[in-house]
Amino acid sequence: MAYEFDWSSIPGSLPFLAEGMLVSLEITAVALVVGMVWGTVLALMRLSPVAPLRWFATGYINLFRSVPLVMVLLWFFLIVPQLFTQLFNLSPTTDLRLTSAMVGFALFESAYYAEIIRAGIQSVPKGQLAAATALGLSRLQAMRLVILPQAMRNMVPLLLTQAIVLFQDTSLVYVSALADFFGSAYKVGDRDGRLVEMLLFAGVVYFVLCFALSRLVQALQKPKAQH
Amino acid sequence: MIQIDNVSKHYGAFQVLTDCSTTVNKGEVVVVCGPSGSGKSTLIKTVNGLEPIQAGRIVVDGTQVNDPKTNLSKLRSRVGMVFQHFELFPHLSITENLTLAQVHVLGRGRDEATAKGLALLERVGLKAHAAKQPGQLSGGQQQRVAIARALCMDPIVMLFDEPTSALDPEMVGEVLDVMTELAQEGMTMMCVTHEMGFARRVADRVIFMDAGRIVEDRPKADFFDQPQSERAQQFLARILHH
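So the protein lines, in turn, are chains A and B. Last residue of the first sequence: 227 in the working numbering, with the numbers rising by one and none dropped. Last residue of the second sequence: 1242 in the working numbering, with the numbers rising by one and none dropped.
Do not take every clue at face value.
Computed list of chain A residues with no C-beta within reach of chain B, every gap over 12 Å [what the hints assert, rightly or not]: (1) 64; (2) 137; (3) 148; (4) 175.
Below 27 Å or equal to it, Euclidean Cα-Cα: the simulated DSSO-like pairs (lysine-lysine) are [claimed, not checked]: (5) 1116/B / 1074/B; (6) 126/A / 1220/B; (7) 1074/B / 1026/B; (8) 1069/B / 1045/B; (9) 1045/B / 1026/B; (10) 1074/B / 1220/B; (11) 1116/B / 1132/B; (12) 126/A / 1069/B; (13) 126/A / 1026/B; (14) 1127/B / 1116/B; (15) 1132/B / 126/A; (16) 1074/B / 1045/B.
Treat the hints as calculated values from the structure; they're not laboratory data. Computed from a predicted model, the values in this text were never measured in an experiment. By construction, the Cβ of each residue, glycine as well, lies at the ideal position given by its N, Cα and C atoms.
With the hints as extra help, turn the sequences into a complete structure.
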C-alpha cells in the first residue's frame, strides 16, 4: 500500500511556521554579526606579534572547530540559563533558550569566521602593511584602515557562504525543543501525524532559500572574476 | 641624519647583513647598489625599523631606531618611504591615499590634508587624477603618487627601495625626474636603485653592497671612475654595458 500524502496541515500552520522562521533568522543574524565582530578580533589576535594573544586565539579556534556544534549548543543550553539567572537575578522560570542558542552559535561561528577573516587578511599583499606602517600608522590603524577593508572585499563570498551554512545549522536548536523553523514544522507534523509532509515541506523551504542565496553569492563573484 | 653603526641581521642561520656602517648627512643623496640578494633592500628597511636588526645601532635624526623604547610610529611618520611595488592603497581614491596618514597620524584636518595632498599631486604632475582609483593609473603615475604620499608627511629624509624596478622602461624617466627634482631641492635621500645614470647625475655618494656587506662607500666620482673592489668593477662593467 502506497503512502498517501496529505498536505492539508500546511496552510493552517503557516503563521506558526513563520514565527519559527523568524526565530531561525534571529539566531542567524545575531550569530552572524557577533561572529564577524568577535571573529575579526580573534583573527587579529591570532596574527598578533604578542604571543599570549596568539595562544588564546589559536586555542579558542581549535577548541570550537574540534567539537560538534550540537554538543556546544547543549552545553550552552545547560550553562547559560544557570549563569544568566544568577548574574541578572532573573526568575528561574524565564525562558532563556533563545538567548542560549544565540550565545552558543555566536561563540561557535566566531571560530569559523576568525579563520575566514585570517585568510582574508593574509590574502592582502604584505607590502600594504609595510607601506601603512611606514607612513606612521600603528599596527591597529593599519589593520582597520588599510588591511581589513581590502580583506573584507576578498572575503564577501566566503562570508556569505558561511552565513548560508549557519542558517541551515540553526535547525540544530531542536535539541532544546526551541521552536525555530525546523522545530515548528516538526511540532506541526507530530501534532497532525503528518511528519513526512511537514519535513519535506521544511526541506523545500530551506533548499529554496539557501539555493537562491548561493546563486546570489555566485552572481556577486562573477564581475570580480573578469578582472 | 642617518647613522648606521655595525648593523648585522640574520634570518635563522642565514646572514643578511654583516657589520654594515655608514652615514647619510643632511641634504645628501646616497645611492645604494649591488647585485640582487646583496642585502641592499633589507638595509634600507632597517632605517625605519620595517626590518629589525640583531646587532648594531641605527640613529635617525637623534632617535635610535632599534631601541625598544622608541616610538616607531612617530619616527616613521617623519621618514618617507617609496616601495618597489608602489603600495598605493587600492580601496582608496588617490586623494584618500594622500590624506589617510596626514589625518590619522599627524592629526591634520581633512581640508588641510586635502589641500596639502593636492598641492603635492600637482607637483608630481598628476592633479587631474585626484579622484581616480590607483588601479586606473599607469605604474609610473602610481609611483609618482606614492612619492607625493610620502611627501605629504613633511619627511626629514626619503628612502627609496628600488622605485623604478617594477616599471616599464618608458615610465622610468618620469619617476626619476621627480626624484631628481627632490634631490635638487635639498631633500636628504637614500635610494636603492640600479639606475646608474641617476646615480651619476644626482648622488653625492654611492654605497656598493655584496653578500650583506658594504664593500664600497665613496663619493660618486671615485666610485664610477675607479672602483676599488673587484666585485664592484665586475658589477659596473656588467650594468653599464647595457
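Status of each hint after checking the structure:
Non-interface call for residue 64/A relative to chain B: holds, since the shortest CB-CB distance, roughly 31 Å, exceeds 12 Å. The Cβ of residue 137/A does not lie farther than 12 Å from every Cβ of chain B; its closest approach is about 6 Å, which violates its non-interface assignment. The beta carbon of residue 148/A is not kept farther than 12 Å from every beta carbon of chain B, the shortest such distance being approximately 10 Å. At roughly 43 Å, the least C-beta separation between residue 175/A and chain B is larger than 12 Å, which holds for a residue marked as non-interface.
In summary, the hint linking residue 1116/B to residue 1074/B is supported, as the alpha carbons are separated by about 20 Å, within the 27 Å threshold. This hinted pair does not check out: residue 126/A and residue 1220/B have alpha carbons roughly 34 Å apart, beyond 27 Å. The hinted pair formed by residue 1074/B and residue 1026/B meets the criterion: a straight-line CA distance of about 19 Å does not exceed 27 Å. Restraint check for residue 1069/B and residue 1045/B: the C-alpha separation of about 19 Å stays at or below 27 Å, so the hint holds.
For the suggested pair residue 1045/B and residue 1026/B, the alpha carbons sit about 19 Å apart, so the restraint of at most 27 Å is met. A threshold of 27 Å between alpha carbons decides the hint, and for residue 1074/B with residue 1220/B the separation of about 33 Å lies outside it, so the pair is violated. The suggested pairing of residue 1116/B with residue 1132/B holds, with an alpha-carbon distance near 17 Å, which does not exceed 27 Å. At roughly 25 Å between alpha-carbon atoms, residue 126/A and residue 1069/B fall within 27 Å of each other, so this suggested pair holds.
With a C-alpha separation of about 31 Å, the suggested pairing of residue 126/A with residue 1026/B is violated against the 27 Å cut-off. Between residue 1127/B and residue 1116/B the alpha-carbon distance is near 12 Å, which keeps this suggested pair within the 27 Å criterion. Distance restraint check for residue 1132/B and residue 126/A: the Cα-Cα separation of roughly 23 Å lies within the 27 Å cut-off, and the hinted pair is therefore satisfied. Between residue 1074/B and residue 1045/B, the direct Cα distance comes to roughly 16 Å. Compliance with the 27 Å bound is thereby established for this hinted pair.
Violated hints for the displayed structure, listed by number in ascending order: 2, 3, 6, 10, 13.
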